[in-house]
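Chains as they are written, first to last, in this note's numbering: chain A, 53 to 381; chain B, 53 to 381.
In case anyone wonders, no lab produced these hints; they're calculated from the structure. Please read all numbers here as calculations on a predicted model, not as lab measurements. The beta-carbon is built from N, C-alpha and C at its ideal position, and this holds for glycine as well. Misleading hints may appear alongside valid ones.
Unchecked claim - Which residues of chain A face chain B? A few of them, derived with a C-beta cut under 8 Å, are: (1) R177; (2) A201; (3) S203; (4) T209; (5) N234; (6) E253; (7) T254.
Unchecked claim - In silico negatives: residues of chain A with every beta carbon more than 12 Å from chain B: (8) H69; (9) K92; (10) H93; (11) A106; (12) G129; (13) N149; (14) A160; (15) R175; (16) L202; (17) N273; (18) P276; (19) R280; (20) E351; (21) T365.
The residues making up each chain are set out below.
Protein chains: 2
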Amino acid sequence: MGQNHLREDIIRMFLEHEGQIISGAELSLNLGVSRTAVWKHINQLREEGYEIEAVPAQGYKLSARPDALLPASIEIGLDTSIIGRQIECHAEIDSTNLRAQVLAEQGAPEGSVVVADSQSAGRGRMGRPWGSPAGVNVYTSIILRPTLALSEATQLTFLAAVAVARALEKSCDVRVNVKWPNDILLNGKKIAGLLNELSAETEGIHHVILGIGVNLNMEQNQFPPDLRYPATSILLESGQRVDRVQFVRDLLSEIDILYTMLLERGFVPIRLAWEALFDLVGATVDVDTGSTPVCGRVEGIAEDGALLLDTGTGAPTPIYSGDVRPASV
Amino acid sequence: MGQNHLREDIIRMFLEHEGQIISGAELSLNLGVSRTAVWKHINQLREEGYEIEAVPAQGYKLSARPDALLPASIEIGLDTSIIGRQIECHAEIDSTNLRAQVLAEQGAPEGSVVVADSQSAGRGRMGRPWGSPAGVNVYTSIILRPTLALSEATQLTFLAAVAVARALEKSCDVRVNVKWPNDILLNGKKIAGLLNELSAETEGIHHVILGIGVNLNMEQNQFPPDLRYPATSILLESGQRVDRVQFVRDLLSEIDILYTMLLERGFVPIRLAWEALFDLVGATVDVDTGSTPVCGRVEGIAEDGALLLDTGTGAPTPIYSGDVRPASV
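My request is simple: use the sequences and hints to build the entire structure.
Right, dumping it as structure tokens:
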């Protein structure tokens with residue numbers, strides 16, 4: 053552990069002095085180890101994919117870092133007030149949500165983050181599996197302890213959708229749409245998944261885990277063959293490969309901004325931002341609720357996340373679950 | 053385990069033929085063991101507190117059973133459709149809610165029940181301790197998997213309060229009151245506590261644990277000295293000692309009836325039953341919400357469990373948390 057920590061410190065020094073040459077003497081002094089030890093760790097980092105030049109008579113320079121999700125890489129330049137207080141990264145884990153749940157029950161502070169390069173048992177909504185290959189996507193879970201009523205907990209799902217949309221726009225320059233209740237689509241295909249889980253008692257929320265999976269650099273052959281819905285990745289749609297570390301930073305930063313806004317100003321700004329990404333506002337839709345089908349004009353969403361439909365009967369009809377499609381004319 | 057099981061079967065036979073004499077030959081035949089083995093188990097049961105008479109030339113008769121919470125005693129005569137499908141009893145456990153949570157995550161069926169004679173780490177609302185001495189009270193947790201929206205989960209707390217009130221009325225002939233959001237009072241003192249915990253995702257509830265503790269035969273010196281509120285027991289208020297097994301059966305039966313009603317007919321019947329136990333309906337109250345104090349006339353409770361106050365501003369003001377007291381005039 054101590055050895056890993058030392059290598060993280062070296063990376064941190066390079067990242068804090070981006071593009072600069074750092075002398076072996078300076079590294080040695082700052083880290084409190086011999087120059088021979090510094091040299092050994094630099095070589096180890098090169099094996100891990102860091103491109104570190106040795107500049108004769110001057111020192112070392114980081115010219116490229118691997119696209120590895122490591123706490124040091126994510127934390128450098130992360131300017132958040134709540135989210136990312138603790139970041140835990142795993143090369144592989146069963147599920148970031150399960151890990152975050154364990155941490156939350158052990159008392160991890162609000163804003164703690166779990167990131168994984170791959171998940172062996174990635175889960176989507178309602179217990180469905182979530183394909184989680186290594187090295188290409190982002191799988192992350194964020195622990196929140198909001199002072200919201202139980203009926204307001206659903207607001208966090210809309211918050212997460214808006215944060216993903218904004219981070220994708222910022223990092224990848226793409227414009228996504230949302231689908232009620234919690235899908236995120238790029239060109240009509242699923243680009244990200246949200247699984248928000250909460251533990252609560254009647255009088256208050258113990259914690260909420262915001263689980264977010266985003267398909268960034270996934271190739272066509274990495275998608276499971278038996279998908280229930282069309283899915284895609286940024287790479288497939290735009291041809292560009294996304295810097296995952298930068299994306300995680302942007303995502304955590306957007307969540308931080310929106311979460312602070314939610315606590316200070318309530319749901320309205322989040323709701324408006326989400327409705328702006330929802331292309332069925334004003335449209336007439338059919339909802340298959342499992343029992344009686346409902347048809348109406350979409351007005352937006354309520355404080356408790358219900359889809360509000362104008363069915364011509366006076367007050368809007370709130371829909372709590374169901375499959376929403378544009379009405380067949 | 054097999055030996056315990058055999059003794060449970062003997063008790064079950066006695067309870068199924070209440071007051072009757074069962075011959076040693078019949079017990080031996082039904083249980084598939086020798087008459088000597090039956091005799092040994094009968095003696096063991098006597099040591100556990102069962103009063104079993106030996107009637108010469110006829111057999112055995114159960115004349116009294118100890119007030120022990122055992123699955124066999126509870127299940128006999130329990131006429132429920134959902135609640136009590138599996139009953140697990142513990143002489144001592146950390147907390148019935150924690151145990152139920154483990155069972156729920158392992159896939160225990162809806163209606164599974166955990167009962168404990170004592171709790172070493174009994175918990176009340178918001179992490180407060182709940183005094184749980186042995187041999188006198190009932191501590192139980194029930195696993196539900198309701199098809200409710202997240203915002204409706206609070207309805208189960210009102211259901212639990214109504215069930216406790218009805219079971220106390222039936223078993224102990226006392227009339228309790230409720231206090232919003234989830235207190236149950238007898239003569240103005242706390243007689244029972246509810247801790248409903250839920251695990252959910254945005255689109256649905258995974259499970260709810262209804263945690264219920266009722267002070268039945270607790271003596272004055274068994275209450276913690278540093279209580280935050282006046283508390284009491286049925287014994288202290290009425291002088292009568294309650295048959296705990298019968299009380300558990302009544303409680304599970306009331307939950308079964310009310311839960312079935314909730315799923316079939318919605319919250320209205322539960323709400324009306326709860327409001328009938330709430331003596332502040334129609335009264336003017338002050339609510340200390342932590343921020344701005346609110347004053348208004350109590351109209352009742354909403355579908356999401358909020359207290360509805362008429363503050364003279366048109367639509368009723370929903371209160372989600374706070375301390376409610378009759379207004380100082």
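Hint check results:
1. R177: R177 (chain A) check passes; min Cβ-Cβ to chain B is 6 Å, inside 8 Å.
2. A201: Holds, because the Cβ-Cβ distance from A201 (chain A) to chain B comes to roughly 4 Å (cut-off 8 Å).
3. S203: At about 4 Å, which falls below the 8 Å cut-off, the nearest Cβ of chain B leaves the hint on S203 (chain A) intact, so it holds.
4. T209: Result: holds, 4 Å to nearest chain B Cβ.
5. N234: 6 Å, holds
6. E253: With a minimum Cβ separation of about 5 Å from chain B (threshold 8 Å), the hint on E253 (chain A) holds.
7. T254: 4 Å, holds
8. H69: 43 Å, holds
9. K92: Holds, because the least Cβ-Cβ distance between K92 (chain A) and chain B comes to about 45 Å, which exceeds 12 Å.
10. H93: 42 Å, holds
11. A106: Per Cβ check, A106 (chain A) is outside 12 Å of chain B; nearest 51 Å; holds.
12. G129: 31 Å, holds
13. N149: With a cut-off of 12 Å, N149 (chain A) comes too close to chain B, as the shortest Cβ separation is near 9 Å.
14. A160: 16 Å, holds
15. R175: 10 Å, violated
16. L202: 6 Å, violated
17. N273: Given a closest Cβ separation of 30 Å, the condition holds.
18. P276: The claim stands: P276 (chain A) keeps its Cβ more than 12 Å from every Cβ of chain B (closest is about 21 Å).
19. R280: At about 15 Å from chain B, R280 (chain A) clears the 12 Å cut-off, so the statement holds.
20. E351: The claim holds: E351 (chain A) sits with its nearest Cβ about 18 Å from chain B, beyond 12 Å.
21. T365: 18 Å, holds
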